[in-house]
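S.K.: Each chain is listed here by its residues.
There are 2 protein chains.
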Amino acid sequence: MKFTCSQSDLNANLSLVSRAVPSRPTYPVLGNVLFVADTQGKRVSLTAFDSRLGIRTSFSAEVSEGGKLTLPAKILNDIVARLPEEEITLASEDEEEENPLAILTSSSGRFQIRGMSATEFPELPKVKKGEGIVLPVSALSDGLKGTLFAASTDETKQVLTGVHLAGSQDSLEFAATDGHRLAVVETLLENTEVGDRASDNFAVTIAARALRELERMLATAQATDCVALYVDESQTIFELGDRRLTSLKLEGAYPAYQQLIPRQFSRTVTVERKRLIGSLERVAVLADQKNNLVKFTIDRDRGQLSLSVESQDLGSAKESMSAEITGDSLEIAFNIKYLMDGLKALPSSDIQMQLNEGNQPVIVTPLGGLKMTYLVMPVQILR
Amino acid sequence: MKFTCSQSDLNANLSLVSRAVPSRPTYPVLGNVLFVADTQGKRVSLTAFDSRLGIRTSFSAEVSEGGKLTLPAKILNDIVARLPEEEITLASEDEEEENPLAILTSSSGRFQIRGMSATEFPELPKVKKGEGIVLPVSALSDGLKGTLFAASTDETKQVLTGVHLAGSQDSLEFAATDGHRLAVVETLLENTEVGDRASDNFAVTIAARALRELERMLATAQATDCVALYVDESQTIFELGDRRLTSLKLEGAYPAYQQLIPRQFSRTVTVERKRLIGSLERVAVLADQKNNLVKFTIDRDRGQLSLSVESQDLGSAKESMSAEITGDSLEIAFNIKYLMDGLKALPSSDIQMQLNEGNQPVIVTPLGGLKMTYLVMPVQILR
Numbered sequence: 001m002k003f004t005c006s007q008s009d010l011n012a013n014l015s016l017v018s019r020a021v022p023s024r025p026t027y028p029v030l031g032n033v034l035f036v037a038d039t040q041g042k043r044v045s046l047t048a049f050d051s052r053l054g055i056r057t058s059f060s061a062e063v064s065e066g067g068k069l070t071l072p073a074k075i076l077n078d079i080v081a082r083l084p085e086e087e088i089t090l091a092s093e094d095e096e097e098e099n100p101l102a103i104l105t106s107s108s109g110r111f112q113i114r115g116m117s118a119t120e121f122p123e124l125p126k127v128k129k130g131e132g133i134v135l136p137v138s139a140l141s142d143g144l145k146g147t148l149f150a151a152s153t154d155e156t157k158q159v160l161t162g163v164h165l166a167g168s169q170d171s172l173e174f175a176a177t178d179g180h181r182l183a184v185v186e187t188l189l190e191n192t193e194v195g196d197r198a199s200d201n202f203a204v205t206i207a208a209r210a211l212r213e214l215e216r217m218l219a220t221a222q223a224t225d226c227v228a229l230y231v232d233e234s235q236t237i238f239e240l241g242d243r244r245l246t247s248l249k250l251e252g253a254y255p256a257y258q259q260l261i262p263r264q265f266s267r268t269v270t271v272e273r274k275r276l277i278g279s280l281e282r283v284a285v286l287a288d289q290k291n292n293l294v295k296f297t298i299d300r301d302r303g304q305l306s307l308s309v310e311s312q313d314l315g316s317a318k319e320s321m322s323a324e325i326t327g328d329s330l331e332i333a334f335n336i337k338y339l340m341d342g343l344k345a346l347p348s349s350d351i352q353m354q355l356n357e358g359n360q361p362v363i364v365t366p367l368g369g370l371k372m373t374y375l376v377m378p379v380q381i382l383r
Numbered sequence: 001m002k003f004t005c006s007q008s009d010l011n012a013n014l015s016l017v018s019r020a021v022p023s024r025p026t027y028p029v030l031g032n033v034l035f036v037a038d039t040q041g042k043r044v045s046l047t048a049f050d051s052r053l054g055i056r057t058s059f060s061a062e063v064s065e066g067g068k069l070t071l072p073a074k075i076l077n078d079i080v081a082r083l084p085e086e087e088i089t090l091a092s093e094d095e096e097e098e099n100p101l102a103i104l105t106s107s108s109g110r111f112q113i114r115g116m117s118a119t120e121f122p123e124l125p126k127v128k129k130g131e132g133i134v135l136p137v138s139a140l141s142d143g144l145k146g147t148l149f150a151a152s153t154d155e156t157k158q159v160l161t162g163v164h165l166a167g168s169q170d171s172l173e174f175a176a177t178d179g180h181r182l183a184v185v186e187t188l189l190e191n192t193e194v195g196d197r198a199s200d201n202f203a204v205t206i207a208a209r210a211l212r213e214l215e216r217m218l219a220t221a222q223a224t225d226c227v228a229l230y231v232d233e234s235q236t237i238f239e240l241g242d243r244r245l246t247s248l249k250l251e252g253a254y255p256a257y258q259q260l261i262p263r264q265f266s267r268t269v270t271v272e273r274k275r276l277i278g279s280l281e282r283v284a285v286l287a288d289q290k291n292n293l294v295k296f297t298i299d300r301d302r303g304q305l306s307l308s309v310e311s312q313d314l315g316s317a318k319e320s321m322s323a324e325i326t327g328d329s330l331e332i333a334f335n336i337k338y339l340m341d342g343l344k345a346l347p348s349s350d351i352q353m354q355l356n357e358g359n360q361p362v363i364v365t366p367l368g369g370l371k372m373t374y375l376v377m378p379v380q381i382l383r
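Listed in order, the protein sequences are those of chains A and B.
Counting from 1, position 36 in the first sequence corresponds to residue 36 in the working numbering; the numbering is continuous, with no gaps.
Counting from 1, position 124 in the second sequence corresponds to residue 124 in the working numbering; the numbering is continuous, with no gaps.
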C-alpha cells in the first residue's frame with residue numbers, strides 16, 4: 001500500500017472513525033484502524049469497529065500501490081493531528097506479515113509505525129441490500145437533537161439506552177426515555193423520497209452511543225442530503241455518501257410510550273424559555289444535592305410563575321417571571337436536572353407547559369417550529 | 001450591612017478572592033468570604049484567607065448601611081456568576097449573631113444565604129509599613145511567566161515549590177527549579193522608582209501558588225502600573241491599587257543556582273522555536289511513556305538538527321530542521337517534557353541552545369527580547 005493525501009483529509013477521516021475504536025479493545029486489532037487503498041478508485045477507506053459499533057469512511061488520494069493493513073488508531077491520530085497542512089505519504093512494507101510496518105512521510109520527517117495484518121480485522125456487518133429507508137439529514141438531526149439526551153446512560157437498562165425510531169409513509173418519530181422523563185420528536189417527511197418503498201412502516205431501537213456518532217457525521221452534511229438506513233434482524237446500518245455506520249440493534253420491546261402522554265390538560269403555562277432556564281440555574285445553586293428539587297408556584301391571578309428552593313443549611317431562593325396561565329393556580333415540584341435537560345433541548349424561544357394536578361405527568365412543548373413533546377414526572381411535595 | 005453594586009463588579013471581585021478559599025477549609029469560616037461595607041468610602045472589601053494565602057480586594061458600591069459578615073464563597077459565587085448584568089443589592093440581618101442571614105436581591109428574584117459572623121474571620125497578616133519595594137507590573141509579569149512553570153509541584157520539596165526573587169538597585173531576578181531544570185529571568189528596572197530606597201537588595205522565596213494568583217491580578221493591570229512588595233520575617237505582601245495578596249514566606253535557603261549555570265560553551269545551535277516545538281510534539285507521540293526521551297543529532301556539516309525517538313513496540317520517528325550550528329557535531333538526549341516546558345515559555349521566535357558535551361548541562365536562551373536562561377540536564381544515552 002502506498003498513497004499520498006492532504007493532512008486535513010487524513011486527519012478528518014481518522015478522527016471520525018477513531019470514535020468507534022474502544023479504549024480497551026477486547027482483541028488488540030480492534031485498537032487499530034483498517035486502511036484499504038484502492039488504485040482504481042483512487043480512494044482510501046478507513047474502518048474502525050468495536051463489535052457493537054462500526055464506522056467506515058473514505059477519501060480520495062493518489063494511490064500508487066493498492067493494499068491494506070491496520071494501524072494503531074490513537075498513535076496515528078496523535079501524529080497526524082500535529083502535522084501542518086501539507087501532503088502526507090503513507091506506505092507499508094510486508095503487509096503479509098503479522099506486524100507490518102507503515103512509513104508516514106511528511107516534509108518535516110518520517111514516522112515508522114508498527115501495525116497489524118488486515119487479515120485479523122473483522123468484516124463490518126452487512127444487511128441484505130435493496131431495503132434501504134431514505135431519511136433526510138434535517139429530519140434525522142432534529143430528531144436526534146431532541147431525544148438523545150433523554151436516553152438512559154445505565155447500561156443495564158438495555159433498550160432504554162437507545163432511541164426508538166418509528167417511520168411511516170409521511171413521518172418519522174423519535175423517542176427516548178430513561179424512566180424518569182420522555183422526549184418525543186415527530187418529523188414530517190413531505191417532499192422526500194421515503195415514499196419509494198411500498199410499505200414504509202418500520203420501528204427500530206438504536207444505541208444512543210451509535211446515534212451520537214451519526215449526529216457527528218450529519219454535522220458535516222447538507223440539510224438537504226439523505227441518509228439510507230438498512231435494518232435486519234440484528235443490525236442497523238446508516239449510509240451517508242461513502243460514510244457508513246453500523247450498530248447492533250438493541251433487543252427487547254420498547255415501552256409503549258404514547259400511552260404515557262396525557263391527551264387532556266386542565267392547565268397551561270407559557271413562558272420565555274431562556275428566562276426559565278436562567279432562573280432554574282440560579283435557584284439550583286441552593287437546591288439540596290440529594291433531591292435537587294424546585295417548587296413551581298403557578299399564580300393565575302398575578303400571571304406569574306415563581307420558582308423556589310429551600311435548603312435547611314444554606315438558605316433559600318425565590319425567582320419569579322411573568323407567564324400566560326390558563327386553569328387554576330397550582331403548586332408542583334420537579335427534579336431540576338430532568339426539567340432543565342428538556343428545556344435546553346427545546347428549540348423555541350417560548351415554551352408551553354401543560355399540566356393537570358401536582359402528582360400527574362407534565363408535558364413541555366415548544367411554541368412553534370419542531371413537533372416535540374417532553375414529558376416529566378413531578379416530585380411529591382412533602383407538607 | 002446593605003449595599004447596591006453592579007453584577008459585574010461583584011462577580012469579578014468574588015471570583016478573584018475565591019481563589020484563596022480552600023476547597024476543604026480547616027475552619028468552616030475559611031470557606032467563606034469576608035464582606036466589609038464602608039459607608040464613608042462607599043466601598044465594599046472582600047477578603048479570603050486559607051492561612052497561607054490571603055487575597056483582599058474592594059470595589060465601589062452604594063453603601064447605605066455599613067457592616068460586615070462572612071458568606072459561603074462557592075455558593076455566592078455560583079449565584080452571582082449566573083445573574084445577568086444588572087444592579088444587585090446585598091443586605092444582612094443580625095450581623096451580631098453566629099449565623100447571620102444575607103439577602104441578595106436582583107430584578108429576577110431573592111436569595112437568602114446563611115453566613116457566619118465576621119468576628120470568627122482571622123485578620124490578614126500585616127508587615128511593618130514603609131518598607132515597600134516598588135516593582136513595575138511589566139517586569140513582574142515577564143519574570144513570573146518565564147519561571148513559574150519550572151517550580152516544583154511536589155509539596156515536600158519546600159523552598160523549590162516557590163520562585164526566588166532577588167532585587168538590586170537596577171534589576172530584579174526571578175528563578176525557579178524543581179531539581180531537573182532551572183529557569184532564570186532577569187528584568188532591568190531602569191526608569192522605575194525602585195531606587196526610592198537606600199538599599200534595594202532583597203531576596204525572598206514566594207510560593208508558586210500565591211504567585212499564580214498574583215499573575216492573575218496583574219493581568220487586569222496596566223503594564224506601567226506598579227506593585228508594592230512588603231517583606232518581613234514570615235510574610236510577603238503584594239499591593240496593587242486596593243488589591244492585596246499575602247503569602248507565607250517559604251523557609252530555607254534557596255539553592256545557589258547561579259553556580260549551576262555554565263559560563264563557557266563549545267557548541268551553539270540556533271533554531272526556529274515553533275518549528276522545534278512542533279517536531280517535539282510529533283515525535284513525543286512515539287516516545288516511551290516511562291523515560292519520555294528524545295535524541296538530538298546536531299550535524300554541523302549539513303547545518304541540521306534532527307530529533308529522533310525509538311520505541312520497541314510502537315515504532316520510531318525522525319524529524320529534521322535546518323539550524324545554525326557552531327562547534328562540533330554531537331548527539332545528546334533530553335526528557336521531552338522538561339525541554340518542551342522551557343521552549344514554550346521562551347518569548348522569542350528563534351532560540352539558541354548552548355552546549356558542551358552530551359552529559360553536561362545545556363542552556364536555552366531567547367534570541368533578543370527578554371533576558372531569560374533555561375537550564376536543562378541531558379539524559380544519558382544508552383549504547
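Treat the hints with care, since some could be wrong.
For identical chains, the list gives no copy identity; a pair is met inside one copy or between any two copies.
[Claimed, not checked] With a straight-line cut-off of 25 Å between C-alpha atoms, the simulated DMTMM-like cross-links for lysine to aspartate or glutamate are:
no., residue 1, residue 2
1, 295, 281
2, 337, 62
3, 42, 65
4, 318, 95
5, 344, 78
6, 68, 9
Since the hints were derived computationally from the structure, they do not count as laboratory data.
S.K.: Regarding residue 344 and residue 78, is the shortest C-alpha distance of 25 Å or less found within a copy, between copies, in both, or in neither?
M.R.: between (34 Å within a copy, 19 Å between copies)
S.K.: Tell me, please, which holds for residue 295 and residue 281 at an alpha-carbon limit of 25 Å: within, between, both or neither?
M.R.: Close inside one copy (14 Å), not across copies (52 Å); limit 25 Å.
S.K.: As a check of your reading, is residue 68 near residue 9 (CA-CA no more than 25 Å) within one copy, between copies, both or neither?
M.R.: within (18 Å within a copy, 61 Å between copies)
S.K.: Is it within, between, both or neither when you check residue 42 against residue 65 at 25 Å Cα-Cα?
M.R.: Answer is within; shortest intra-copy Cα gap is 10 Å, inter-copy 78 Å.
S.K.: At most 25 Å between C-alpha atoms: does residue 318 with residue 95 qualify within a copy, between copies, both, or neither?
M.R.: between (68 Å within a copy, 22 Å between copies)
S.K.: Give the relationship of residue 337 and residue 62 under a CA distance limit of 25 Å: within one copy only, between copies only, both, or neither.
M.R.: Answer is neither; intra-copy 51 Å and inter-copy 37 Å both fail.
Hint 2 from the earlier list is the only one contradicted by this structure; the remaining hints agree with it.
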